[in-house]
Amino acid sequence: MARNFWVFAELSGSEFRKVAFELLGLARKLAYKTGGDVTALAIGPIEESNTAKLGHTGADHIILCADDVVKDYSTEVYATIIADLASEYKPLAIFFPATARGKDLAPKVAAKLGVGSASDCTGLEMTDNQRIIFTRPMYAGKIIAQVETSGEPQIATIRPNVFPSPTPDESRKADVERISADFGEDVIKTKILETIVGDAEVNLTEADIIVSGGRGMRNAENFQIIRELAKVLGAAVGASRAAVDEDFISQPHQVGQTGKTVSPNLYIACGISGAIQHRAGMSTSKCIVAINNNPDADIFKIADLGVVGDLFKIVPVLTEELRKEMG
Amino acid sequence: MNIIVCVKQVPDTEAIIQVDSVDNSRILEEGITFILNPYDEYAVEEGLLIRERLGEGKVTAVTVGPSRSESALRDALALGVDTAVHITDEGIESADPFAVATILSKFISSLPHDLILCGRQAVDDDFAQVPAILAELLGLPQAMFVVGLEIDSQDMKCKARREVDGSHEVVEMVLPAVITCSRGLNEPRYPSIRGKMQAKKAEIPRKSLADIGLDVESAGLASPKVKVRSLGLPPSREAGKKLEGEVDDVVKVLVEELKSRKLL
Ligand SMILES: Cc1cc2nc3c(=O)[nH]c(=O)nc-3n(C[C@H](O)[C@H](O)[C@H](O)COP(=O)(O)OP(=O)(O)OC[C@H]3O[C@@H](n4cnc5c(N)ncnc54)[C@H](O)[C@@H]3O)c2cc1C
Ligand SMILES: Nc1ncnc2c1ncn2[C@@H]1O[C@H](COP(=O)(O)O)[C@@H](O)[C@H]1O
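Protein sequences appear in the order of chains A and B.
Numbering follows our numbering, with no gaps: position 176 of the first sequence is 176.
Numbering follows our numbering, with no gaps: position 177 of the second sequence is 1177.
Keep in mind that a hint or two might mislead.
Listed below are the simulated DSBU-like cross-link pairs for lysine-lysine, each with C-alpha atoms no more than 35 Å apart in a straight line [stated by the list, open to error]:
hint : chain 1 : residue 1 : chain 2 : residue 2
1    : A       : LYS189    : B       : LYS1207
2    : B       : LYS1262   : A       : LYS173
3    : B       : LYS1157   : A       : LYS189
4    : B       : LYS1262   : A       : LYS231
5    : A       : LYS90     : A       : LYS33
6    : A       : LYS313    : B       : LYS1259
7    : A       : LYS191    : A       : LYS53
8    : A       : LYS173    : A       : LYS53
9    : A       : LYS231    : B       : LYS1252
10   : B       : LYS1262   : A       : LYS286
11   : A       : LYS90     : A       : LYS53
12   : A       : LYS71     : A       : LYS29
13   : B       : LYS1159   : A       : LYS18
14   : A       : LYS18     : B       : LYS1252
15   : A       : LYS53     : A       : LYS33
16   : B       : LYS1242   : A       : LYS286
17   : B       : LYS1106   : B       : LYS1207
18   : A       : LYS90     : A       : LYS112
19   : B       : LYS1259   : A       : LYS231
20   : A       : LYS90     : A       : LYS189
21   : B       : LYS1242   : B       : LYS1259
22   : B       : LYS1157   : A       : LYS191
23   : A       : LYS189    : B       : LYS1106
24   : B       : LYS1200   : B       : LYS1106
25   : B       : LYS1259   : A       : LYS286
26   : B       : LYS1106   : B       : LYS1227
27   : A       : LYS71     : B       : LYS1157
28   : A       : LYS18     : B       : LYS1259
29   : A       : LYS173    : A       : LYS18
30   : A       : LYS112    : B       : LYS1058
31   : A       : LYS71     : A       : LYS90
Rather than coming from a laboratory, the hints here were simulated on the basis of the structure.
Sequences are here, hints too, so could you generate the full structure?
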């Protein structure tokens, strides 16, 4: 399995996250270039039949571990499985999604293997001698860095929504190697007692579209018009820190330097002034729409489409129009 | 309960960051105001809250960094931590996350420690790596991005509520453990005047690598595992179209624009 690119295929429940396919697509491209192959690490409560998608989107091999011990996520167990496999098979690189799980796991695996890892990458390039130069924002996106990690495997977390999700090719098939994990209870140092699943409107990191509200919303009730617009678009709901501080909406919705970093295809900012700390979390969105009644608001400096006006008049009309449009 | 809080000094979030034209792997520090990493404020606050709730305990703030980073420790002292330790040496400002974690782990293992609190990430390098590496080096469990924490000092356990994309999880861990603190965990207090005065006067012990039993080599400073090749500015985002006029018209134009960009 030489010159192998590995992808940690993260789950949400028992389904693979969209970002898993994005990373497989990325790994597939690199493998075409260098003549290597792609392995998906499928760890968790996974039905073997469900792994076919990993092959359709770029994996050549799948390492599947679906034992009871991995039913619940555990940093130690997952990291040990991955680090042990990596020591044995010596992949060239391992990509994790820059999600809560990926960020929990990648530095741990890297530390176990004694190598470095690059966080939250938005691009990469391969040199002729198979070193990967990662592109990653620093200083909340004010600076873009080119970084390299030492040794092998070259480990990185990759920001969701940056690389395209490949079109599945159902003729592609991957071989599945089932492995079992033997761990004593003592390895599991963290025990999940409870999982509280939020609704789709709070899964901001992977959302294609986000509708966000700021202090301009004035109160929690008014946020309903943001939610309605989001619903019509199938979007997640974001917020500025001011909106969270004023209790218009809960903290997990916050976008920005001390909130979530997002790169949706479409980000609609309503009643948000565009402070530097807010822009830090959303300025890599592909298209930014701003609705603000102050024509001089900073958000307009980065908005692809800036609507100057009262959001309370504009948003409901926009929601209606889109409802007609989307049928 | 012995609580260690790892803090870092970082540029103010408003700061304009420029790349050094002589060495483009560095930023220009001139004119930058440095602050305590905003996420580390949550870590400091949580340490103080736990001490207050238990009615006992000691909170120690530690930083690894150049001379200037002492201000982060003074900020922590002003807020109420019991002691502060500054680990500093030549070349330490370019330590990569593995080196920082190596230095921290070496120092922390020499102290009694029941709980290690860190920030979720440092807002300069935005790595979110040091705490996980630290936990691995110390052989301790970790919970990242924590927004709720309950300490059971009787059974030496804790329950941490952490944010996972789209959901929350409550995990139980045996102490000592490493926790990274996220926004939502608490509301950091402001320093009191008295606290500020005391912090200003406080003696902050400085330790060199040799003092804690490391050298450039063993601290990992000589062979960084993450190397910055170059820094640059992001492609600037230009202001696009402004749409003004009657609501109905503006909305129609907006929808057409979104359609033409294949966003709907
Ligand atoms: C360390 C630190 C970290 C921070 N982290 C974050 C972060 O993660 N995320 C974040 O968002 N902020 C963050 N901030 C706060 C940030 O500096 C701003 O204070 C905040 O983003 C402002 O939120 P806002 O735009 O909703 O509010 P405001 O700045 O008050 O803007 C409200 C906007 O609404 C517009 N408006 C009002 N009424 C209407 C109407 N009827 N129709 C249309 N428009 C209207 C106004 O013109 C104005 O532009 C941070 C600050 C610090 C110091
Ligand atoms: N130089 C340092 N000294 C002490 N603690 C640090 C240092 N660097 C990082 N940390 C801790 O690790 C957290 C995450 O930092 P980072 O991995 O650099 O994003 C910070 O919020 C601090 O709690």
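Hints and how they fare:
no., hint, result
1, A:LYS189 x B:LYS1207, "holds (32 Å)"
2, B:LYS1262 x A:LYS173, "holds (31 Å)"
3, B:LYS1157 x A:LYS189, "holds (11 Å)"
4, B:LYS1262 x A:LYS231, "holds (18 Å)"
5, A:LYS90 x A:LYS33, "holds (19 Å)"
6, A:LYS313 x B:LYS1259, "holds (21 Å)"
7, A:LYS191 x A:LYS53, "holds (30 Å)"
8, A:LYS173 x A:LYS53, "holds (9 Å)"
9, A:LYS231 x B:LYS1252, "holds (19 Å)"
10, B:LYS1262 x A:LYS286, "holds (12 Å)"
11, A:LYS90 x A:LYS53, "holds (25 Å)"
12, A:LYS71 x A:LYS29, "holds (31 Å)"
13, B:LYS1159 x A:LYS18, "holds (30 Å)"
14, A:LYS18 x B:LYS1252, "holds (32 Å)"
15, A:LYS53 x A:LYS33, "holds (22 Å)"
16, B:LYS1242 x A:LYS286, "holds (17 Å)"
17, B:LYS1106 x B:LYS1207, "holds (12 Å)"
18, A:LYS90 x A:LYS112, "holds (14 Å)"
19, B:LYS1259 x A:LYS231, "holds (18 Å)"
20, A:LYS90 x A:LYS189, "holds (27 Å)"
21, B:LYS1242 x B:LYS1259, "holds (17 Å)"
22, B:LYS1157 x A:LYS191, "holds (11 Å)"
23, A:LYS189 x B:LYS1106, "holds (22 Å)"
24, B:LYS1200 x B:LYS1106, "holds (28 Å)"
25, B:LYS1259 x A:LYS286, "holds (14 Å)"
26, B:LYS1106 x B:LYS1227, "holds (22 Å)"
27, A:LYS71 x B:LYS1157, "holds (23 Å)"
28, A:LYS18 x B:LYS1259, "holds (24 Å)"
29, A:LYS173 x A:LYS18, "holds (19 Å)"
30, A:LYS112 x B:LYS1058, "holds (31 Å)"
31, A:LYS71 x A:LYS90, "holds (26 Å)"
Checked against the numbered hints given earlier, this structure breaks none of them.
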